[in-house]
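Given chain A, work out where chain B should sit, using these hints.
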Amino acid sequence: MTTIRLMGGRVVDPVSGATSVRDVYLVDGRVAAAAPVGGAVDETYDCTGKIVMAGGVDVHSHIAGGNVTMSRLLLPELHVSETAGPDGMPFATASWSGWETGRLYAEMGFTTVVEPALAPAQALQTHLELADIPIIDRGALTVVGNDDHFLSLLRDRESETAIRDAVAYQLATSKGLGLKVINAGGPAAFHSGLRTFELDDVVPHYGASSRQILTTLLTAVDQIGVPHPLHVHANNLGVPGAPKTIEETIAAAEGRRMHFAHIQFYSYGKDAEGMMTSGAEEIAAALAAAPNVTCDVGQVMFGPTVTISLDLMKQWQGAAYASPKKFSLTDGDAEGGGVVPLVYARKNWINQLQWAIGLELFLLSPDPWRVLMTTDHPNGGSFTTYPQIIHLLMDSGERARWIEHMPQKARERTALEEMTREYTLEEVAIMTRAAPAKILGITDRGHLSDGAVADVAVYDDLTDKTAMFTNARYVFKDGRLVVRDGRALGWISGRTSILAPDVDGQMERRMADYITDRYGVGPAAFAVPERAFGERHVFKVEPCLT
Amino acid sequence: MRQIRIEDRGERLSVQTGQPETDADAAIGRAAALLAKARHPVIGGLGCDVDGVRAALRLANAIGASVDHAATAHERVELRVLADSGVMTTTVSEARHRADLIVLAGPGAVAWADHARALADGGGLYPWRGERGVLCLATGGARPAHVAADGTVSALGDDLPLHRVLGLLRARLGQKPIGPLAQDGPDRTAIDAVALQMKSAAFGVMVVDANDVDHVTLDSLQGLVKDLNRDTRFTTLGVPAHHHGRGANLVSAWTTGDHLPVGLGRGYPVQDDWLHDAERLVTSGEADALLWVGALGPDVPAWASSVPTVALVHHGASASAEVVIEVGVPGVTHPGVLTDAVRDAFAFVDAKAPQPLPSVAAVITAIEAALPGGHP
Numbered sequence: 001m002t003t004i005r006l007m008g009g010r011v012v013d014p015v016s017g018a019t020s021v022r023d024v025y026l027v028d029g030r031v032a033a034a035a036p037v038g039g040a041v042d043e044t045y046d047c048t049g050k051i052v053m054a055g056g057v058d059v060h061s062h063i064a065g066g067n068v069t070m071s072r073l074l075l076p077e078l079h080v081s082e083t084a085g086p087d088g089m090p091f092a093t094a095s096w097s098g099w100e101t102g103r104l105y106a107e108m109g110f111t112t113v114v115e116p117a118l119a120p121a122q123a124l125q126t127h128l129e130l131a132d133i134p135i136i137d138r139g140a141l142t143v144v145g146n147d148d149h150f151l152s153l154l155r156d157r158e159s160e161t162a163i164r165d166a167v168a169y170q171l172a173t174s175k176g177l178g179l180k181v182i183n184a185g186g187p188a189a190f191h192s193g194l195r196t197f198e199l200d201d202v203v204p205h206y207g208a209s210s211r212q213i214l215t216t217l218l219t220a221v222d223q224i225g226v227p228h229p230l231h232v233h234a235n236n237l238g239v240p241g242a243p244k245t246i247e248e249t250i251a252a253a254e255g256r257r258m259h260f261a262h263i264q265f266y267s268y269g270k271d272a273e274g275m276m277t278s279g280a281e282e283i284a285a286a287l288a289a290a291p292n293v294t295c296d297v298g299q300v301m302f303g304p305t306v307t308i309s310l311d312l313m314k315q316w317q318g319a320a321y322a323s324p325k326k327f328s329l330t331d332g333d334a335e336g337g338g339v340v341p342l343v344y345a346r347k348n349w350i351n352q353l354q355w356a357i358g359l360e361l362f363l364l365s366p367d368p369w370r371v372l373m374t375t376d377h378p379n380g381g382s383f384t385t386y387p388q389i390i391h392l393l394m395d396s397g398e399r400a401r402w403i404e405h406m407p408q409k410a411r412e413r414t415a416l417e418e419m420t421r422e423y424t425l426e427e428v429a430i431m432t433r434a435a436p437a438k439i440l441g442i443t444d445r446g447h448l449s450d451g452a453v454a455d456v457a458v459y460d461d462l463t464d465k466t467a468m469f470t471n472a473r474y475v476f477k478d479g480r481l482v483v484r485d486g487r488a489l490g491w492i493s494g495r496t497s498i499l500a501p502d503v504d505g506q507m508e509r510r511m512a513d514y515i516t517d518r519y520g521v522g523p524a525a526f527a528v529p530e531r532a533f534g535e536r537h538v539f540k541v542e543p544c545l546t
Numbered sequence: 001m002r003q004i005r006i007e008d009r010g011e012r013l014s015v016q017t018g019q020p021e022t023d024a025d026a027a028i029g030r031a032a033a034l035l036a037k038a039r040h041p042v043i044g045g046l047g048c049d050v051d052g053v054r055a056a057l058r059l060a061n062a063i064g065a066s067v068d069h070a071a072t073a074h075e076r077v078e079l080r081v082l083a084d085s086g087v088m089t090t091t092v093s094e095a096r097h098r099a100d101l102i103v104l105a106g107p108g109a110v111a112w113a114d115h116a117r118a119l120a121d122g123g124g125l126y127p128w129r130g131e132r133g134v135l136c137l138a139t140g141g142a143r144p145a146h147v148a149a150d151g152t153v154s155a156l157g158d159d160l161p162l163h164r165v166l167g168l169l170r171a172r173l174g175q176k177p178i179g180p181l182a183q184d185g186p187d188r189t190a191i192d193a194v195a196l197q198m199k200s201a202a203f204g205v206m207v208v209d210a211n212d213v214d215h216v217t218l219d220s221l222q223g224l225v226k227d228l229n230r231d232t233r234f235t236t237l238g239v240p241a242h243h244h245g246r247g248a249n250l251v252s253a254w255t256t257g258d259h260l261p262v263g264l265g266r267g268y269p270v271q272d273d274w275l276h277d278a279e280r281l282v283t284s285g286e287a288d289a290l291l292w293v294g295a296l297g298p299d300v301p302a303w304a305s306s307v308p309t310v311a312l313v314h315h316g317a318s319a320s321a322e323v324v325i326e327v328g329v330p331g332v333t334h335p336g337v338l339t340d341a342v343r344d345a346f347a348f349v350d351a352k353a354p355q356p357l358p359s360v361a362a363v364i365t366a367i368e369a370a371l372p373g374g375h376p
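If you're matching them up, the sequences are chains A and B in order. Note that the first sequence covers residues 1 to 546 in our numbering. Note that the second sequence covers residues 1 to 376 in our numbering.
Hints are supplied without guarantee of correctness; some may be wrong.
Derived DSSO-like pairs: lysine-lysine, alpha-carbon spacing no greater than 27 Å straight-line [to be verified]:
#, chain 1, residue 1, chain 2, residue 2
1, A, Lys325, B, Lys176
2, B, Lys226, B, Lys176
3, A, Lys347, A, Lys409
4, A, Lys326, B, Lys199
5, B, Lys199, A, Lys325
6, A, Lys325, A, Lys347
7, B, Lys176, A, Lys326
To be clear about the criterion: a stretch of chain B counts as covered by chain A if any three or more of its residues have a C-beta under 8 Å from a C-beta of chain A, and this derived list gives those stretches [to be verified]:
#, stretch
8, 41-54
9, 77-85
10, 125-139
11, 162-175
12, 252-262
13, 267-273
14, 332-341
Cβ-to-Cβ under 7 Å is the rule here; a few derived chain A residues that face chain B [what the hints assert, rightly or not]:
#, residue
15, Arg72
16, Pro90
17, Ala121
18, Ala525
Calculated from the structure, these hints are not laboratory results. Don't be surprised by glycine CBs; every beta carbon is placed ideally from N, CA and C.
For reference, chain A alone in the conformation it holds in the complex (with noise of 0.2 Å):
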């Protein structure tokens, strides 16, 4: 038995109980209560005068698979790598890789991540690179609603049970943490040359609307129990208007669980000109009045970045506007992807205006439970700003430090600068911790409970917010200190989460004739067996709901 003692630190953790000065324990990685009785302590870390929580969960962060790497080979001018790493850690500095994601995310305190595109053509890709980025555990969320054996299971009306059989199976196949659906029909549309897609529109040949695709995965989300609701990235990202989409979109989903990804980029009004004002308000009332329903922002931060969505019809509009000039498009077998990089400059009025709305909606959250931090990464930003974000929410003089470089015509269409809320650490702690490990299902994290999982991040109490959360003091994942005074000590590999619904025998039948049929190869090719990690451990099998 191994027990850890964080020494006299404040304990900022709301699920285990209010703020205090107190001592943690860990014991052979688990969170303890107290001391085991007559249990040495075999280790001690002084954390007096120190901020302790528990390790940070990251909701909605693309770190693997086709798409991000195509990023990595479209863009190598974004990441030049130029500093050796330390001995031990290979590929710790090497920029954009898995190894770098896993060291940076640890040495800000975060130990769980999820991979929000989990495409099931190319789901070994996306776990093999998953099991490269040490450190942090992880997950991926399994992306259905536009192919074609989904749209044509609607088209030919089958019932209920034939499509949670066939979502089933490809959750299981693709060992994904939860489902999500992409602009729901729009990339099958995009395909057959379509530009635009709305809620009421319907995807040529198959006669499914979105909303219909929509309200269909939410039925089976219910039904095959997982425990994360039908991740949605909705219609009409990026337009003017769009908080009216998401307003029909959660009137669509009748009351049924449903998290919006990246909400910040639906969160665009427009005023009688049809210029872009800020949609926050609009976009907040909707949220407090559907208690149903989670986000994540998907905050913008300024500098140079690369899109990668699977909403190809997105990412074809969007590289009209790519910089540098260059962008990818792939139809792939159902889900694709588009890569393209942006700059957002601080000069750019619009992009002054997506970051002013997307500290909007944190501070007009109802709840820190259903309002999560992302940057959408690296679509907004990369997550490494995260430690700036969160000073931004902390700090109203910080932000007022920032508001005094915004372009008048940014600064008149949002009401940023009048807001003075500013976000406590417990608000912080449930906004980055327990809030998403809950809404992920994977409720022994995120919290410092007895029994949960020992991922423990611990800070200087420093006012530069952005100081305190870019380089925690320590970090201990299951009980094992990985990250000390802000670096890395090593590599540990962590788990990715995934869900093993049970598949319907008949199902995986016709599913195996439909892939062979497609592809002229069978399911095996599909797979993700664990004998492809060979000797490593890599996946922790959580429950479905009952």
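Just chain B, lined up with the frame of chain A:
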């Protein structure tokens, strides 16, 4: 000599050298010593599965090696164009079912289509698809025998280089004038007819072999496809890289951040097509040791003879090197993860004829462990 991991697994090394050697430890030890003393080692060939590439990159990091793959056209042409100006691509299976126009650009596209027969039937998942046309551009007279087509195969520019044909088509699609045409070449009417055929496709797919073209030509081809997408849907399909070049470069991208070739001598990866070109490094004398990985081929090249070489080769391969270690073939003698060209994705492939030969990953890991200061 430390006990090596591959023996822990009960696997056996078959060793072929000028002086037959039966001790696996000794072969590994000699390989490690040869690479460890090198000032600038190179890992080349890299025809192996995902775990082999992962192990090779780790070893390269440990010894400061340059790493390259034998599929140089994939790296220097396809991946360069991707980084220069981007690409539009699809998969073989999507092309098979959805494409109502297959354009074979260059003779390599015709050769691949006939060899792989991946487009030999028209698929059947999309009953609304129109008739399938097939068009040959600058194929030197070659026509496919195994591509499903409704009607005759059309062609343009049999006697012209591909870049010239692409230029003519881009000009006419952009309603630009074209200069005087060679008397034995296509006339403007023929060019306009092909341009119209391409614009009229609902989902066209242009197939090209990177070995046929330079990066400027491929860039032009991608530009043509992007132009066509203003009015319709069009995309491209690259002939798969040989010796698992596609998979090796993807593994490099997520491991080092970029494609091959890459150098790890500075303690961080440096991607440079010229600087870390395996053949250039060896033949120029900059490199002083070579680890050739040829589980999936190719054979050790003649230029390898100028430096001390460790060769990991499959059974039956000819190899002349200081240390030759016979390894298994992923998907044949042992399982492995390889790219599946039909859908451009990785697949786990079981052993078809298991044999107790070590994998590339096992041998390279053992070599790394046998380095001075290694961790067995």
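Going through the hints against the structure:
no., hint, in the structure
1, A:Lys325 x B:Lys176, "holds (23 Å)"
2, B:Lys226 x B:Lys176, "holds (17 Å)"
3, A:Lys347 x A:Lys409, "holds (11 Å)"
4, A:Lys326 x B:Lys199, "holds (22 Å)"
5, B:Lys199 x A:Lys325, "holds (24 Å)"
6, A:Lys325 x A:Lys347, "holds (19 Å)"
7, B:Lys176 x A:Lys326, "holds (24 Å)"
8, 41-54, "holds (count 3)"
9, 77-85, "holds (count 5)"
10, 125-139, "holds (count 3)"
11, 162-175, "violated (count 0)"
12, 252-262, "holds (count 7)"
13, 267-273, "holds (count 5)"
14, 332-341, "holds (count 3)"
15, Arg72, "holds (5 Å)"
16, Pro90, "holds (4 Å)"
17, Ala121, "holds (6 Å)"
18, Ala525, "holds (4 Å)"
When held up to the earlier numbered hints, the structure conflicts with hint 11 and nothing else.
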